[in-house]
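Participant: Keeping their order, the protein sequence lines are chains A and B.
Take the position in the first sequence, starting the count at 1, then add 22; the result is the number in the numbering used here.
Take the position in the second sequence, starting the count at 1, then add 6; the result is the number in the numbering used here.
It is possible that part of the hints are untrue.
Unchecked claim - So, partial list: chain B residues that the calculated Cβ filter (under 10 angstroms) puts toward chain A: (1) L66; (2) D163; (3) F381; (4) S393; (5) F398.
To be verified - Simulated coverage check for chain B against chain A, where a stretch passes if three residues somewhere in it have a Cβ under 8 angstroms from a Cβ of chain A: (6) 103–110; (7) 383–391.
It should be emphasised that the hints constitute simulated quantities derived from the structure, not laboratory data.
Ideal placement from N, C-alpha and C gives every residue a C-beta, glycine not left out.
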Amino acid sequence: MEGALRRTLNLVKPDDVYNAIVDAHKGLSEEECRAFDARLILLLVNHIGEEAVIYEALKEAAP
Amino acid sequence: MSSYEYRHYPYVRPAELDQPGARRPVVIVGAGIAGPTLALALATRGVPVLILDDDDTVSLGSRSICQAKHSLETWDRFGIAARMVEKGITWEQGEVYLRDSAIYRFNLQPEPGHKFPAFVNLQQYYVEEYLYERCRAEALIEMRHRNEVVGVAARDDGVSLAVETPDGSYTLEADWLVACDGVRSPIRHLLGLPYPGEIFHDRFLIADVRLTGDLPKERRFWFYPPFHPTNSVLLHRQADDILRVDFQLGRDADPDEEKKPANIDRRLREMFGPEARWEHEWSSVYTFTCRMMERFVHGRTIFAGDAAHVVSPFGARGGNAAVADADNLAWKLARVVKGQSPATLLDSYCEERRAASRENIHQSTRSTDFITPRFEASRIFRDATLSLARDFPFARSLINSGRLSVPTTHAGSRLDTPDIDDDWSGGPAPGQAMVDGPLRSGWLVEQDGPDFTLLSFGDAAGIPAAVTVLRVGCGGLLAARYDARPGTTYLIRPDRYVAARWRRCDPPAVQAALARATGR
């Protein structure tokens with residue numbers, strides 16, 4: 023079911039953003055990667071603010 | 007070791023050892039925080055109470071030290087709260103540290119205009135001492151020390167108790183039994199009732215020490231401090247220049263090793279530095295559980311305090327919940343004993359206080375999961391939150407070092423009358439606690455009644471005589487706290503919860519709400 027979470031492209035230069043995320047992890051240990059991702063998630067989640075979006079993303083991202 | 011001088015309250019040979027005694031309307035077992043508070047609240051409503059306790063002194067150790075505003079407001083009805091504030095340490099600020107620097111400071115009561123502060127830290131033995139003294143001065147309360155209940159027989163219309171004393175045993179008949187006998191409740195065991203819940207495995211060390219020098223008044227919580235780099239530490243000040251230091255030790259700590267004074271001294275030395283001097287007061291290595299009984303009322307036996315529910319210590323939700331139980335139960339039980347309400351009114355005690363316990367367990371488990379993450383990803387997000395907190399204010403709000411006890415809400419209680427007006431933009435709704443504020447030359451908590459109170463921002467008339475009517479003008483701080491306009495009316499229960507509210511006072515509606523709130 024479609025909800026609050028955007029499913030279409032919302033980036034002007036998607037390749038740049040994608041590669042920036044991947045590159046930022048380059049050379050990090052497993053532990054550093056996980057800490058980095060956690061900080062990134064928290065920063066973005068607070069910025070998004072819309073809780074329906076966050077809960078939907080949590081559900082969609084789950085394995 | 008302790009600077010507190012434990013009084014031993016005299017054992018008096020009970021008359022029932024020689025001849026059968028009169029049946030008692032209410033027997034309370036246990037003289038901790040819940041029992042004597044309940045006894046006083048019943049006695050002020052004219053109900054005679056017998057308290058049985060297996061011991062003859064107050065709490066061994068400081069135990070529950072953070073006395074919340076709501077508890078102080080309750081104790082103030084018995085005239086003992088001023089003494090607690092005077093003896094204790096008033097604090098409203100807390101500080102959170104990460105490694106060697108402060109990252110966050112919070113104020114629990116940022117706005118003035120309340121009689122009592124958010125918290126007063128006072129050792130449980132003082133709280134119990136003041137409660138005992140007040141009970142002993144109360145004609146309707148009899149306290150029997152070294153009277154241990156060893157048998158309970160429940161009947162439809164009462165309870166028989168087998169009581170053991172230094173001089174032998176006797177039996178006692180009671181209409182109502184209230185078990186306030188602590189987390190290991192002998193009454194619960196005697197009745198074979200389960201106590202389901204969750205066990206937590208992290209060990210903690212409490213060290214109460216008397217330290218000389220300038221002591222901090224605010225609550226301090228450290229994550230990974232230099233003096234205890236692997237875990238967290240909580241520091242709290244108590245009366246008599248005593249500090250409570252609470253070290254998180256982890257799951258693998260050896261309690262026997264950690265209890266040794268030399269090992270405690272080594273930890274304190276790292277924390278306070280080479281110059282510090284202290285004396286030990288009390289120490290304890292503990293783990294904790296979160297448990298709740300499935301029902302708090304079993305026929306004529308009622309459970310309250312730690313006997314009925316227990317949480318982790320983060321958030322000061324143990325002792326304060328015990329006071330809230332007593333507050334919730336006293337007026338209902340008094341009405342039932344006096345034949346003013348049917349016994350089904352007590353079902354609302356179970357419903358409301360179980361909802362409160364669920365909330366307390368939920369909050370304290372969240373704090374526990376933040377302080378002692380139970381799996382790797384939980385620790386990673388906790389540490390990520392801490393590392394963002396200095397630069398990003400939003401992350402400070404996520405740090406959960408204990409969400410401190412505030413009155414819980416019982417939304418949808420059968421006693422409450424839901425709002426019919428839809429233009430409320432503030433004020434406590436039905437099911438929420440009354441909020442204090444300045445009233446005339448004093449405070450609202452000094453002027454509300456022992457029974458129901460009608461807080462009228464208008465000229466309420468035609469209200470039953472048993473209801474205390476407080477008429478208040480619309481200009482002040484109190485009116486703002488109650489989102490009041492001319493005519494706004496709140497019906498407040500004896501335990502200071504809002505039962506109903508209206509934009510204009512309609513006596514038949516007040517009568518109906520009163521009938522509903524009293525289970526009639």
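Participant: Indicate, hint by hint, whether the structure satisfies it.
Facilitator: Comparing the hints with the structure gives:
With 10 angstroms as the threshold, the beta carbon of B:L66 stays out of range of chain A, its nearest partner Cβ sitting at about 43 angstroms, so the hint is violated. Taking 10 angstroms as the C-beta contact cut-off toward chain A, the hint placing B:D163 at the interface is violated, the least distance being around 52 angstroms. A hinted interface residue such as B:F381 counts as satisfied when its beta carbon comes closer than 10 angstroms to some beta carbon of chain A; here the least separation is about 12 angstroms, so the hint is violated. For the restraint placing B:S393 at the interface with chain A, the shortest Cβ-Cβ distance is roughly 7 angstroms, inside the 10 angstroms limit, so the hint holds.
Evaluation of the B:F398 hint against chain A yields a held restraint, the C-beta minimum of about 7 angstroms falling below 10 angstroms. Under a criterion of three residues with beta carbons nearer than 8 angstroms to beta carbons of chain A, the stated coverage of the stretch 103–110 of chain B fails, only 0 such residues being counted. As drawn, the stretch 383–391 of chain B meets chain A at 6 residues by the rule of a beta-carbon pair under 8 angstroms; at three or more, the given contact holds.
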